[in-house]
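Dock chain B against chain A, hints included.
Protein chains in written order, with my numbering: chain A, 1 to 159; chain B, 1 to 267.
Honestly, I wouldn't trust all of these hints.
[Unchecked claim] Below, simulated BS3-like cross-link-like pairs (lysine-lysine); rule was C-alpha separation at most 27 Å, straight line:
| # | chain 1 | residue 1 | chain 2 | residue 2 |
| --- | --- | --- | --- | --- |
| 1 | A | K56 | B | K65 |
| 2 | A | K72 | B | K80 |
| 3 | A | K117 | A | K72 |
| 4 | A | K117 | B | K80 |
| 5 | A | K117 | B | K177 |
[What the hints assert, rightly or not] Cβ-Cβ distance ranges computed for the label pairs, FRET-style:
| # | chain 1 | residue 1 | chain 2 | residue 2 | range |
| --- | --- | --- | --- | --- | --- |
| 6 | B | S96 | A | N54 | 18 to 24 Å |
| 7 | B | E14 | A | S123 | 42 to 48 Å |
| 8 | B | Q85 | A | K17 | 53 to 59 Å |
| 9 | A | M1 | B | C264 | 29 to 35 Å |
| 10 | B | C264 | A | T15 | 30 to 36 Å |
| 11 | A | S2 | B | R141 | 41 to 47 Å |
| 12 | B | Q85 | A | T43 | 51 to 57 Å |
| 13 | B | L230 | A | S16 | 40 to 46 Å |
Keep in mind that the hints were calculated from the coordinates and are not lab data. We treat Cβ as the ideally placed atom computed from N, Cα and C, and that holds for glycine.
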Amino acid sequence: MSISLSIEINGKKQTSKVNANVLLVDFLRDALKLTGTHIGCDTAQCGACTIHINGKAIKSCNILAAQADGTKITTIEGLTTDDKDMHPMQQAFKNHHGLQCGFCTPGMIMSALQIIKNDNDPSDASIREGLEGNLCRCTGYHNIVEAIKAGAKAMQNKG
Amino acid sequence: MYNFAYHKPKNITEAVNILQNADDAKVLAGGQTLIATMKLRLASPTDIVDLSDIEELATISKTDKGIIIGAMKTHTQVSKSEIIQNNIPSLSYMASQIGDQMVRNQGTIGGSVANNDPAADYPAAIVGLGAKIFTNSREIRGDDFFTGMYETCLNSEEIIVSISFPIPIRSAYVKFKNPASRYAIVGVMVADYGSDVRVAVTGAGNSVFRLEKFEQALSNDFSKDSLSKLTVPTADLIEDMHAGAAYRAHLVKVMAQRAVSDCCSQI
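If we strip away everything but chain A, and leave its shape as in the complex, we get (with noise of 0.2 Å):
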């Protein structure tokens, strides 16, 4: 069963057709070559296909691509318009080292983000909390949360 997508992703207006038992990650990389959002686990456990629907940080790998019809939808790419500009969170992750391998990298800064979305202001443990869906086999969650919290520290700067 063919289903009609429209769905706003990255600010872009988008219509798609897809078929039922489409997932969104693979919608996202196969249909619209947002390749940013990787398939760790594919099965609801890594949290590396971690995108925001509607404003909320979702495991795009265990939800149907039709059940995001109507939506807005922000993946990693859409975190910046501009390829040589970086996101705060992204630029934290750098400075702090806060990435290995890098696969679990764009995962772990959308849940970042709805971390700091919840408070601006996290602390070790409630970071800690909001990343237990999200792996890192390279297991460099140290730094990850000293990124983390430089970058909710620059976000605050920004305004």
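Relative to the frame of chain A, chain B by itself:
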């Protein structure tokens, strides 16, 4: 996953009609269990009925009967609702402890309750708080709703509309969670309704259950010490890679005592 027909009805009548006329339809709430199950081909429904457009399922209100939560309310919405925080803080706390923040943004109370995972948190709230479940066709007591592992008394053409929770004098939920999945290895809800004290356990058995001996002891003396001489029978408890039955039995008592202590610190 196999392909299927996808429906997004605007109201409950339309949704029930689809369920009645399809070969093997499944209701989709947040999909945090169903989508994963379909990816593994443990389920391959012919039709999916997505409830996310039905406004009637997405309200939270307070009435003289207690707090009424629409089936499509997400765990995040339940955990952040001021009405729930002010009236049944144990319930908003429970919702804040389910899974991770992404799961909580998408998973719903109705979906969790209808799925009846033996390690899910909400069944302990439904039974522990003496809730009632309202479907499109009837009202079901929480005590009668869960019938076994992943089984409830819902029929295949029935949709949960809302759940009502009477407001207790005090209540607390404490869980010992699996650190990887955040599911309950054991979770205990204790609620004090004055004449009636309820103790409901999730994670330990095939489905949520009440501990009558604990309830009687707490009715006589609502203190953690009143439970110290009681034991939990191991016969019907789960044995798996995470915990044996004897360990689970021990955890049930410890979690119940912590919940009672939490309750006592509230007043």
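These are the hints, each one checked on the structure:
For the proposed pair K56 (chain A) and K65 (chain B), the alpha carbon gap of about 32 Å is over 27 Å, so the pair is violated. For the hint pairing K72 (chain A) with K80 (chain B), the CA-to-CA distance comes to about 22 Å; that is within 27 Å, so the pair holds. Distance check on the hinted pair: K117 (chain A) and K72 (chain A) sit about 17 Å apart at the alpha-carbon level, within 27 Å; holds. Taking the CA atoms of K117 (chain A) and K80 (chain B), the gap is about 13 Å. The hint holds against a cut of 27 Å.
Of the supplied pair hints, the one linking K117 (chain A) and K177 (chain B) holds, its CA atoms being roughly 26 Å apart against a limit of 27 Å. Checked against the hint of 18 to 24 Å, the pair S96 (chain B) and N54 (chain A) passes, with Cβ atoms roughly 20 Å apart. Taking 42 to 48 Å as the suggested C-beta distance range, the pair E14 (chain B) and S123 (chain A) conforms, at roughly 46 Å. One distance hint, 53 to 59 Å for the beta-carbon pair Q85 (chain B) and K17 (chain A), is violated here, with the actual separation near 43 Å.
For the hinted restraint 29 to 35 Å between M1 (chain A) and C264 (chain B), the CB-CB distance of approximately 56 Å leaves it violated. Evaluation of the 30 to 36 Å hint for C264 (chain B) and T15 (chain A) yields a failure: the beta carbon distance comes to about 58 Å. At about 43 Å, the CB distance of S2 (chain A) to R141 (chain B) agrees with the hint of 41 to 47 Å. Separated by about 32 Å at the C-beta atoms, Q85 (chain B) and T43 (chain A) break the suggested range of 51 to 57 Å.
Distance hint check: the CB atoms of L230 (chain B) and S16 (chain A) are about 60 Å apart, inconsistent with the given range 40 to 46 Å.
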